[in-house]
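Number of protein chains: 2
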Amino acid sequence: MIWLRQYRKELLVGDVVAGIIVAFMMIPQGMAYALVAGLPPVTGLYASLLPALAYALFGSSMVQSVGPMAITSLMVGTSIGAMATAGTPLYELLSQQLALAAGLVLFLCGVLRLGFLSNFFSRPVMSGFTSGAAIVIALGQCKPLLGMAHGFSLGAINVPSTALGFASVALLLLARYALPAVLKPFKGWVAEVLPKMAPIAVVVGAALVVSLMGLEGAGVKTVGAIPAGLPAVGFVPSAEYWRPLLVPALAIGFMVFLASQSAAQSLALKRDERIDTNRELLGLGAANLASALSGGFVVTGSISRSAVNYSAGANTPLASLISALLIAIILCVPNAWLSLLPMPAMAATIIVAVMGMVDLTTLAQCWCHDRSDAATLLATAAGVLLIGVEEGVVVGVVLSFASLVWRSSRPHIAIIGRMPGTEHFRNVERYAVETLPGVVMLRVDSAMVFNNTDSVIERVEQELHAGGPALKHLVLVLSAVNMVDTTALLALTELNKQMRAHQRFLHLCEVRGPVMDRLKHSKLVTQELTGQVFLSAAQAFEYLSAKSSD
Amino acid sequence: MIWLRQYRKELLVGDVVAGIIVAFMMIPQGMAYALVAGLPPVTGLYASLLPALAYALFGSSMVQSVGPMAITSLMVGTSIGAMATAGTPLYELLSQQLALAAGLVLFLCGVLRLGFLSNFFSRPVMSGFTSGAAIVIALGQCKPLLGMAHGFSLGAINVPSTALGFASVALLLLARYALPAVLKPFKGWVAEVLPKMAPIAVVVGAALVVSLMGLEGAGVKTVGAIPAGLPAVGFVPSAEYWRPLLVPALAIGFMVFLASQSAAQSLALKRDERIDTNRELLGLGAANLASALSGGFVVTGSISRSAVNYSAGANTPLASLISALLIAIILCVPNAWLSLLPMPAMAATIIVAVMGMVDLTTLAQCWCHDRSDAATLLATAAGVLLIGVEEGVVVGVVLSFASLVWRSSRPHIAIIGRMPGTEHFRNVERYAVETLPGVVMLRVDSAMVFNNTDSVIERVEQELHAGGPALKHLVLVLSAVNMVDTTALLALTELNKQMRAHQRFLHLCEVRGPVMDRLKHSKLVTQELTGQVFLSAAQAFEYLSAKSSD
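The listed protein sequences correspond, in order, to chains A and B. If you want my numbering, it's the position in the first sequence, counting the first as 1, plus 112. If you want my numbering, it's the position in the second sequence, counting the first as 1, plus 112.
Don't read these hints as lab results, they were simulated from the structure. Please note that the accuracy of each hint is not assured.
Given that identical chains are not distinguished, each listed pair holds provided it fits within a single copy or across any two copies.
Mimicking PhoX-like on lysine-lysine, the simulated pairs with C-alpha atoms at most 25 Å apart in a straight line are [to be verified]:
# : residue 1 : residue 2
1 : K609      : K296
2 : K333      : K382
3 : K632      : K296
4 : K609      : K382
Assemble the whole structure, with the sequences as input and the hints as a guide.
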């Protein structure tokens, strides 16, 4: 709460404007994501009240907007959907309990400083996951968009709903792609923020159309009665459901953290702030506990809302508190207009929102830079679509680590020589360099650890074999070796012994400080090494060149 | 079979002598390891016949002695013990079927060229596993050593058996530790090979003692009747047991390969041969199929026997064929003396053999070089002892990869400067080096991949922050970076953008060839980089030094 103690009145205008704008963004979004989670729309509004306060108290980002988010809502829906039927009191209870469990997971991760676990998720995995989940969410909204009550068939399509839904999609797409260009003449944040108000404008407009044209009688469903007033605080968790909720809570807790973290980080970069990962975990944990206790469900920092918050001028969490206050007021004053929001228009806002999450840019970047990353991305997306949301992430994480291990087990090894007239050494296959007769200088471009020891030794033996009896000196250039584990040390010791038996000399050079700190206690370096340890490749080259010309 | 076509008569004497010696080593060992596997002793002899022939046909090592081995026998016992009772026909059938399944696994790995999987097992894991398994085997032999029939209590101890067992242990220890010194005056292989004949001498001696003193009546158990003649060839596998045998077959197949591989490799080093890993897999697969089809159980290359084989002068697989022939003859001639071998003496040979496998040397080496490797070793051994043989290996492999990942996520990063008067750059904390004002040169000592991107960027931002506005140039020295994956590339791209916003320059240097091959297609390097790409740190230093003195 340092921000509150240091609050200056110059900050107030920005915070108030941003607070109002985000509130109007939050209302349709919160209700829509509650629908994605299979919950009554009002719970999405509840989840935008106390969590914002809790995050303001404990979180570390100044402009983060905490509330329901598409992907975590999808995960809530798929997890709870396996244990209860949507619309039943048990379903709602479990959604609160899941938020409680996820909040505890986040809190615990914060206390245990486990923020580093986010390193397990590479960008390709996150991108594939987001794209896959976006498609799953969009597919799930096709039924309400087309006004289908039961089943999924052409006959079940309701024409007025479909017309309303498609019109909403068209308007939202126009607002996203055409409006910024139209608004360009306006300066500052207007062109950036105004298009984000399109969802509320479209759903309110659609509600007007429905009530004016009496479309409810023609089969267009609406959001339905929204209970007036603030949510009841507190609930009684079900003891028997802690166990089945454990794995979903871990998965969702992690996703909450990752989503929020990437939002907070991208904005912190712009604002030149630093995010404290572990305080961030505490803030998100507190927000989810608050959501559970006030009739909400899982919440996280939203990239899209936080960006609007920032662009609209938010300076401190006060902006989010103003949003929450505004939503609370709307809940307390007569709010019949909310109950008239038509489902096809709500579905349209969801579909258009998640369409923007399908991330082809990262796929293209992966494809250009590293096909294996592209494969991981596609496999993660396919896993999410075909196996399941959480399973898809597991597929991605396993694949990304497998490729890491696979690569580290096949290190790049280059024979190097001296660039004429310099002290630089380069790969003989890439540069015209000088080499010495009877000497091979091998640069190992990887840590030397158990899973690549065999392939390093095999390569060394190949070179020794190829060099024949004339080859007397092998120089291992360890400039890129940041680790020599026991397996590699023992293998080097054996190599050295074998070379001694053939009157050959094993030299080391460019040994990194941390590696030398370990090696200097080993028998290999203190007693057994047939050759020498040189500071640099240049020194080794000079010494061996002097020796061969003796 | 190249060795047979190229056979020269000079090789014959060595092969015959080694063949005879290994046969006499094999007889008590084979029978003892059959007991470890819970099988009739004669199966250990059967497992020394056809497998030797099959390996001679398909294997790649010239001096490998293939047959039963302590650890694989233990694994056979624990796997089959969970499915059937020792002594029943089902138990024997399953042991043959397991050898068949393990043989198929090995064959398949050879055909699919999966030999590289052995890289997954670090030396600490192998050492911890071997030590743990040795202790498990030794503990399992305490009952026969002490002549206990049922249960495990002081009252169940049979005094004559215990006396015989302890006397055998004492003699075997004397032979191992004192005999080599006594035999030193003899030249050549005698001092090395003769002590290995101790087990057969001790068990035959013990058999004489038992029959002369009539100790069988006093409760000393003997090996019992050995069926005369060669084993029947062929058997009918049980269809319903393929599934439960799958996991044990995979685990045992792998262990067969690892044991044999380390035996073959250490001898190939001495003999200056190369082992073809995938042909080795084919040879071991064929040996296990042969064992299954001829009444045997899982076999592998034995380090101890192969070393004796080599020391006694074996030149080609003919030595193993001669051993097999000799054992076959012993099975066919009257062999009542084999049935009199007393169990306490057999247990003594097993205990003394596996005592030598408890590997404290590697533990000490790990402890000195890398505590994390020592912890992995101890955890593997503890896992084998407390959880189970196969589970222990899994613990070890998982731990070793976890520590690999953990380390790669916390890379060493050094600020470097120029060693005065040279073109070498070293860590400012370790050497007295020159640095430039307004310039930071950071050397990242690790691949830049998703699981360490955050910590690299965090460190860079720390330095930028610490440098304040005066800091204009950041040079990333990538000499130790063998990989920049998409996650790291995107993070660098963002870093570069952020630095541009602060009128700072990001330079790269010492980029490895394979890394540059990828980076040169990226937007970062082709268009966006605020600074330059230098071939060497020295060039970067000169350029920036000229610039700052402008």
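Results for each hint:
Only between protomers do K609 and K296 lie at most 25 Å apart by alpha-carbon distance; the minimum there is 24 Å, versus 74 Å within a single protomer. In this homomeric assembly, K333 and K382 never come within 25 Å of each other (Cα to Cα): the closest approach is 42 Å inside a single copy and 83 Å across copies. Taking CA atoms no more than 25 Å apart as the test, K632 paired with K296 passes in neither setting, with 65 Å inside one copy and 36 Å between copies. Only between protomers do K609 and K382 lie at most 25 Å apart by alpha-carbon distance; the minimum there is 10 Å, versus 57 Å within a single protomer.
Violated hints for the displayed structure, listed by number in ascending order: 2 and 3.
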